[in-house]
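Student: Please arrange chains V, S and W on chain D, whose structure you already have, making use of the hints.
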Amino acid sequence: MMVTALYITIAMVTLAVLLNVYRLIKGPDAPDRVLALDTLYINAIALIVLLGITLGTRMYLEAALLIAVMGFVGTVAMAKYLKRGSVIE
Amino acid sequence: MNPYAEYAICLLLLIGGAFTLVGAIGLARLPDFFTRLHGPTKATTVGVGAIVISSVIYFSTLGQGIGIEEILITAFLFMTAPVSANFLAKAAMHLKVKTTENSRGQPWDQ
Amino acid sequence: MKTNTLILHTAALAIMPLQLMFSIFLLLRGHDEPGGGFIGGLVAASAFVLYAFAFGAESTRKLLRISPRDILAAGLLFGLASTIPALWSGQAMLTAQWWEVPLPGEGYLKLSTVLIFDIGVYLAVLGTLMTFVISLMESEE
Amino acid sequence: MLDRLSFPQPWLSLTLFITWQFLSDGVSGGSVVLGIILAWGIPQMTQGFWPDPPAFIKAWRMPAYLARVIRDIVVASFEVARLILSPRPARPAFICYPLELEHPLAITILASTISLTPGTVSADVSDDNKLLLIHALDAEDDQEVIDTIRARYEKPLLEMFQ
Chain D
1 MMVTALYITI AMVTLAVLLN VYRLIKGPDA PDRVLALDTL YINAIALIVL LGITLGTRMY
61 LEAALLIAVM GFVGTVAMAK YLKRGSVIE
Chain V
1001 MNPYAEYAIC LLLLIGGAFT LVGAIGLARL PDFFTRLHGP TKATTVGVGA IVISSVIYFS
1061 TLGQGIGIEE ILITAFLFMT APVSANFLAK AAMHLKVKTT ENSRGQPWDQ
Chain S
2001 MKTNTLILHT AALAIMPLQL MFSIFLLLRG HDEPGGGFIG GLVAASAFVL YAFAFGAEST
2061 RKLLRISPRD ILAAGLLFGL ASTIPALWSG QAMLTAQWWE VPLPGEGYLK LSTVLIFDIG
2121 VYLAVLGTLM TFVISLMESE E
Chain W
3001 MLDRLSFPQP WLSLTLFITW QFLSDGVSGG SVVLGIILAW GIPQMTQGFW PDPPAFIKAW
3061 RMPAYLARVI RDIVVASFEV ARLILSPRPA RPAFICYPLE LEHPLAITIL ASTISLTPGT
3121 VSADVSDDNK LLLIHALDAE DDQEVIDTIR ARYEKPLLEM FQ
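Residue numbers (my numbering), protein chains in the order written: chain D, 1 to 89; chain V, 1001 to 1110; chain S, 2001 to 2141; chain W, 3001 to 3162.
So that you can see chain D by itself, here it is in the shape it has in the complex (with noise of 0.2 angstroms):
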């Protein structure tokens, strides 16, 4: 039972996936973009805890947090280079 809802919570977050790389690749304006980007590594995330639980290891946990600190550092500096026209102040 339990590897069938793996299974369907792994269709439905590759789903998300695929709709946030439409709203990547639509998206009308710059900011559009950046929360498609914000959204796809929160994704890679889940979608590597989900791994995870398949493969039984808890090896790749670190994996995720560092794809979280690093994620968030780039969605700041990618916000603050569309309010200045440059990434440093």
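Since the hints were made in silico from the structure, they are not lab data. Hints may be right or wrong, so weigh each one.
[Unchecked claim] With a cut-off of at most 25 angstroms between alpha-carbon atoms, the simulated SDA-like pairs for lysine to any residue come out as follows:
1. D:83 <-> D:67
2. D:80 <-> S:2055
3. D:83 <-> V:1097
4. V:1098 <-> D:81
5. D:83 <-> V:1096
6. D:83 <-> V:1077
7. V:1096 <-> V:1029
8. D:80 <-> S:2074
9. D:80 <-> S:2092
10. V:1096 <-> D:30
11. S:2062 <-> S:2135
12. D:83 <-> V:1032
13. D:80 <-> S:2095
14. W:3155 <-> W:3063
15. D:80 <-> S:2058
16. D:80 <-> W:3131
17. S:2062 <-> S:2113
18. S:2062 <-> W:3044
19. D:80 <-> D:37
20. D:83 <-> D:7
21. D:83 <-> D:24
22. V:1098 <-> D:27
23. D:80 <-> S:2083
24. D:80 <-> S:2081
25. D:26 <-> D:44
26. V:1096 <-> V:1028
27. D:80 <-> D:28
28. D:80 <-> D:21
29. D:26 <-> V:1064
30. D:83 <-> S:2024
31. V:1098 <-> D:21
32. D:26 <-> V:1025
33. D:83 <-> W:3063
34. D:80 <-> V:1078
35. D:80 <-> D:70
36. D:80 <-> S:2056
37. V:1096 <-> W:3119
38. D:80 <-> W:3128
39. S:2062 <-> S:2024
40. W:3130 <-> W:3142
Note that the coordinates shown come from a computational prediction; the quantities given were computed from them, not determined experimentally.
Tutor: For chains V, S and W alone, coordinates are given in the frame of chain D:
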């Protein structure tokens, strides 16, 4: 494995996947940037949170101890999601992104 | 243009300690599990970059206390220093050497030239990135 | 010299120490020594930049507040899911929320709470820290949203940060 733990894991996984999907649907189909902002900040954060908690339950029933990494991931996501949403909203207001006709009120000019 | 960065200030101060701790964790577990000096240095640099976004280049220099170029140089020195113990014992350069220091209670503190090399990489990555970011910020001002 | 050896932020140090024990897979001599070094060193680096702490934080009220926020987050996500999936167009609105809180930390907690709960995202704080700009996904009436936030979240925070 304990059947109750298994039910809980399945339920949390499905809820998490559903919310992640709903967040992405919101991102894809809502009319303007500020309404799209609501999908990722709430639905996706809650969805990933539920998936991560199901991972905590799974590995602790396998006897591998309670994972601090999962708790750190959840805490980190819930701390950072509002900040990045706030930042993106500021950037969008600065760029004067279009809003839909039926939205009331206007962001003030900075 | 002046914007109110109150939320970013508080968030940076709350998130930075977690990032720094995680970077040390990655640095120290690099021997036999994923991790190591490079990624640890990257996470530490991201903590300081977040801080620089919130408070500006000047206060980041104050926070680091040491010039980022000196951090980079110290990293390279550590890397060089890790090659010498092997020469001392007549082996090829960079061969790993291990020492075990007994701790009070039980257990050993495992020291090795690999760890020294990793600390060197950590400092070099941190120093390089902070040199980039701070000098870019200062050239914009 | 003595202040170099102190723990300027005991709560932060304690959190770091405990988290480190979990991260390093159980308590051992090495992890305790390193944990103490980290709990001392990291707050030393950043202490000068924290805003002055409020006179008194009623920290024991925090768990009740957190429990309410977590409950609201779960309810909120069902609400947002219903809004996203319903064919009826939403009525988004920008709302100016007059803040009663003054301490930066309290304002940040309130703004984060607003972002995570029913149909609202906090978008900006005005320069004098008196107004909070909120974007609501579906708002019939501005005043109703303001009253809800005031009663549910700002009142408990005001009591906490006196």
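Student: Against the 25 angstroms threshold, does the CA-CA distance of residue 83 of chain D and residue 24 of chain D hold or violate the hint?
Tutor: holds, 19 angstroms
Student: Verify the proposed pairing of residue 83 of chain D with residue 1077 of chain V, using a straight-line Cα cut of 25 angstroms.
Tutor: Given pair residue 83 of chain D, residue 1077 of chain V holds - Cα atoms ~23 angstroms apart, limit 25 angstroms.
Student: Within 25 angstroms, alpha carbon to alpha carbon, are residue 80 of chain D and residue 28 of chain D?
Tutor: holds, 19 angstroms
Student: Need the status of pair residue 1098 of chain V, residue 27 of chain D: alpha-carbon distance at most 25 angstroms?
Tutor: Holds, because 12 angstroms separates the two Cα atoms, which is no more than 25 angstroms.
Student: Measure nothing beyond the straight line between the CA atoms of residue 1096 of chain V and residue 1028 of chain V; if it is 25 angstroms or shorter, mark the hint as holding.
Tutor: It holds: about 20 angstroms lies between the C-alpha atoms, which stays within 25 angstroms.
Student: Under the criterion that the straight-line Cα-Cα distance not exceed 25 angstroms, is the pair residue 80 of chain D, residue 2092 of chain S satisfied?
Tutor: Violated, at roughly 49 angstroms.
Student: Keeping to a limit of 25 angstroms between CA atoms, is the pair of residue 80 of chain D and residue 2058 of chain S held or broken?
Tutor: holds, 18 angstroms
Student: What's the verdict on residue 1098 of chain V and residue 21 of chain D, does the C-alpha distance respect the 25 angstroms limit or exceed it?
Tutor: holds, 21 angstroms
Student: For the pair supplied as a hint, residue 1096 of chain V and residue 1029 of chain V, confirm whether the alpha-carbon distance does not exceed 25 angstroms.
Tutor: Holds, because 21 angstroms separates the two Cα atoms, which is no more than 25 angstroms.
Student: Between residue 80 of chain D and residue 3131 of chain W, is the straight-line Cα distance small enough, at 25 angstroms or below?
Tutor: holds, 22 angstroms
Student: Decide if the proposed pair is consistent with the structure: residue 83 of chain D and residue 2024 of chain S, CA atoms, cutoff 25 angstroms inclusive.
Tutor: violated, 33 angstroms
Student: Check whether the Cα positions of residue 1098 of chain V and residue 81 of chain D lie no farther apart than 25 angstroms.
Tutor: holds, 19 angstroms
Going down the numbered hints, you'll see the structure goes against 8, 9, 13, 17, 20, 23, 24, 29, 30, 33, while the others check out.
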